[in-house]
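Undergrad: Chains A and B, in that order, are what the protein sequence lines are. The numbers in our numbering rise by one with no breaks, and the one at position 166 of the first sequence is 166. The numbers in our numbering rise by one with no breaks, and the one at position 72 of the second sequence is 1072.
None of these hints come from the bench; they were simulated from the model. Incorrect hints may appear among the rest.
Unchecked claim - Cβ-Cβ distance ranges computed for the label pairs, FRET-style:
hint, chain 1, residue 1, chain 2, residue 2, range
1, A, Asn270, B, Gly1035, 53 to 59 Å
2, B, Arg1233, A, Val209, 35 to 41 Å
3, B, Asp1051, A, Val209, 30 to 36 Å
Said to hold, decoys possible - To give an idea of the chain A side of the interface with chain B (calculated C-beta under 10 Å), a few residues:
hint, residue
4, Pro63
5, Val65
6, Gly67
7, Ala80
8, Leu132
9, Gly221
10, Ile222
11, Leu224
12, Gly256
Keep in mind it's a predicted model, so treat the numbers as computed, not measured. For glycine and all other residues, C-beta sits at the position ideal for the given N, C-alpha and C.
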Amino acid sequence: MPPETAAKTVAPEAAQRVLTGRRFMLGDHACAEGALAAGLDFFAGYPITPSTEVAEHLASRLPAVGGRFVQMEDELGSIAAIIGASAAGARSFTATSGPGFSLMMENIGLAAMMEIPCVIVNVQRASPSTGLPTMVGQSDILQARWGSHGDYGIVAYCPSSPQECFDQTIDAFNTADRYRIPVFILMDEVVGHMAERVEIPAANEIPHVPRKRPRTKPEEGIFLSYAPDEDLVPPIAHAGEGYKVHMTGLTHDERGYPELTPETHDKLVNRLVDKVRLNALDIVDFDEQHVDDAECVVIAYGCTARSASAAVDQARAEGLRCGLLRPKTIWPFPEERVRRLLEIGKIKRFIVPEINLGQLRREVERLTQLPTIGLNHAGGAMPTPNAILEIIRS
Amino acid sequence: MSTPQQDDFAVVHPFDHLMRADRLPHILCGGCGIGTVIHGYVRAVSESGVDPDRHVCVSGIGCSGRAAGYVNVDSYHSTHGRALPFALGIAVHNPELKVTVISGDGDLMAIGGNHFIHAARRNVNLNVICINNFNYGMTGGQVGPTTPIGAKGTTAPQGSIEHPFNLPYLAKACGASLVARWTILHVRQFTDAVLRSMDKDGFCFTEVLSPCPTSFGRRNKLGEGLDEVEMYRERCHIENGAQNLEELDIDIVDHEQPITVGNFVDIERSAFHA
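Pulled out of the complex, with its shape left as it was, chain A reads as follows (with noise of 0.2 Å):
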């Protein structure tokens, strides 16, 4: 490359957003890069392995932007600033693995009952404890599910792909916004270490969903923070707008004020659950291949799903009847999609591969009731081809 075309292309990009044009990327640089094309404003972590290369990258690119960038001094310290500069307005987001995502519970379910928009990434290492904190692990995806105490509604995205990294970093803000929620990124250290292909579309073209705000003044009367809509989501306003809000994890009303009776409780934690719950239409996500008469269907996530498809792809070259099913949103859970799967007629049963000892594979029994095969690995290493192959073949 000359020289002046080095420099042309390279300076002007340190001020630039979203970085459009066809890019080889790190998953975990994708990640970063599809936080800022969607507006982030505000990032606070912790280095973790194998995650850290999000923060690094945002070290530098968000400053750059007219963002913050704050290390904190652990994972406590992340989600709670993200959580405080979300209710001052920013999008905000913090990147972690499996031991800090477990520091963050606590304060996850403070911003779903706060209902305060914010976007977690989990590049899932084999857990638990420390375990092989450099080596591939899908075994966060229950805790993000419950992880956090009490009843609540979450998002879950769950890429493939750096491609997918950028895209869905984009949805869950779109997502966490739209339904004043937490949402999770559950990468895993394969698709975060990998390098590929990343196309990043013009600035226009990435989708804004922009937070429900308030529809009235201030001046115009007491602002209700929790009154919803139909939709079950209450717009919401910022520190600082002059709407004096109050909000707290303890059980409250509709203005946002404690009132510790079951009544409310129970009305307002079923608020929480159903604002997702009933809109998993419009949430949920996924991929297939060959499912229409397929016999037998692997359901697969991750990196997982990568070898999956290629086995898939195999099996139906030998003539086998054989699909794929790839959520790329684990939670809430395609459950409508293998419903009508199941209402065909054709399945005879499910294989689920996973880097856990069976965590969806539960979720899949569940639903479905036919047989459910796991192919499993505590973590460490991911399952090739040939050995999902095989049980297709069987």
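With chain A fixed as given, assemble chain B onto it according to the hints.
TA: Coordinates of chain B only, in the frame set by chain A:
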């Protein structure tokens, strides 16, 4: 004599607009000092010259953590120990806001201790008020990080065997730009410290001693709330600019020991702006 009507008492308090009157009555016990601290805070908001719309109050959990629920500014009642990083997020994202954290000694110094030392080290632009009542009041009087050796709590029925924190010394060592200690008897001085903190760019810390007659005072023979305030009057001496913070431990249950209060630190140190 006719029954008094609401209108007979309709004298508007100058700070009514800064209080969430619809939240009254409050949950605090008789003799508790937290109401006085809230009064000092809203007076400082009023005198700050900054539109109340630009003030934000963040609390953690506990009796002191309820402060955010009574003040009529944007207010956030966060989780136990996490008021400081929550407030950091607000203050860093929108530097135009005057963010005050009001929380207790257990919240800020035990479960939230790590955030305290790092927020002070960074010199985040926050105004932090620590209401120190020497115990966990809301949960019924357990000992905490400021309970003096020998003082009793439900989790130390024979008396605490741990050394307590000396909060101004800790705050100064961590890098706070402003450090003060007052009691709820010293309402004017306390309010002035808070006002100065609102004006200052950086991490400002005010410890305010406050009676908890229900949980701490009763077990440690400090009498009613008013008795403890009288004790502040007898034992406190003001030493603004005191240099020997390491010697200023408080033993609230030793009636012979003096309590040093004052504005101890007010330095210029570059504040954190990400």
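Undergrad: Next step is simple, just say for each hint if it's right about the structure.
TA: So, going through the hints one by one against the coordinates:
| no. | hint | in the structure |
| --- | --- | --- |
| 1 | A/Asn270 with B/Gly1035: 53 to 59 Å | violated, 36 Å |
| 2 | B/Arg1233 with A/Val209: 35 to 41 Å | violated, 59 Å |
| 3 | B/Asp1051 with A/Val209: 30 to 36 Å | holds, 31 Å |
| 4 | Pro63 | holds, 7 Å |
| 5 | Val65 | violated, 13 Å |
| 6 | Gly67 | holds, 9 Å |
| 7 | Ala80 | holds, 4 Å |
| 8 | Leu132 | violated, 27 Å |
| 9 | Gly221 | violated, 13 Å |
| 10 | Ile222 | holds, 9 Å |
| 11 | Leu224 | violated, 13 Å |
| 12 | Gly256 | holds, 9 Å |
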